[in-house]
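Visitor: Given the sequences, and given the hints that come with them, work out the whole structure.
To convert, note that position 57 of the sequence shown is 57 in the UniProt record's numbering; the numbers rise steadily by one, no gaps.
Treat the hints with caution; some may be incorrect.
[Unchecked claim] Have a look at the derived ranges for each label pair, beta carbon to beta carbon:
| no. | residue 1 | residue 2 | range |
| --- | --- | --- | --- |
| 1 | K47 | S2 | 35 to 43 Å |
| 2 | W23 | R65 | 16 to 24 Å |
| 3 | E57 | S2 | 50 to 58 Å |
[As the list claims (entries may be wrong)] The list that follows gives simulated cross-link-like pairs (lysine to aspartate or glutamate, DMTMM-like), each with its CA atoms no further than 20 Å apart:
| no. | residue 1 | residue 2 |
| --- | --- | --- |
| 4 | K46 | E57 |
| 5 | K6 | D18 |
| 6 | K25 | D69 |
| 7 | K47 | E57 |
| 8 | K4 | E19 |
If you are wondering where the hints come from, they were derived from the structure by calculation, not from laboratory data. Where is the CB? At the ideal position from N, CA and C, for every residue including glycine.
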Amino acid sequence: MSDKDKARAAAAQLVIDDEPDDWDKRIYSTGCADENAKLTDCYYEKKDWRACKQEMEIFRQCWQRHGNDKRTDSKDAK
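Guide: As structure tokens, this is what we get:
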């Protein structure tokens, strides 16, 4: 395989990877994709969910605001 062929294959793979997968579609349908991304980024940076309480609360509020707790039949932890 030539270098040009390798470059074409890599570019084709990038195009495929840009397509939303089932996970992305589910997150987008919640209306909270941005909040989810910020929460995920926080965890990735800090490696500790406890350090991401603010991001978690913002995501939780978004989740409830969009009615996802009813749609998914989720319950608040008490």
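Visitor: Determine for every hint whether it applies to the structure shown.
Guide: Hint by hint, here is what the structure shows:
For K47 paired with S2, a C-beta distance near 41 Å keeps the hint of 35 to 43 Å intact. In this structure, W23 and R65 meet the distance hint of 16 to 24 Å, their C-beta atoms being roughly 22 Å apart. Evaluation of the 50 to 58 Å hint for E57 and S2 yields a pass: the beta carbon distance comes to about 53 Å. The straight-line distance between the Cα atoms of K46 and E57 is roughly 17 Å, inside the 20 Å bound, and the hint therefore holds.
Only pairs whose Cα atoms come within 20 Å are accepted, and K6 paired with D18 is accepted, the gap being roughly 19 Å. Only pairs whose Cα atoms come within 20 Å are accepted, and K25 paired with D69 is accepted, the gap being roughly 18 Å. The suggested pairing of K47 with E57 holds, with an alpha-carbon distance near 17 Å, which does not exceed 20 Å. Restraint check: the Cα-Cα separation between K4 and E19 comes to about 24 Å, which exceeds 20 Å; the hinted pair is violated.
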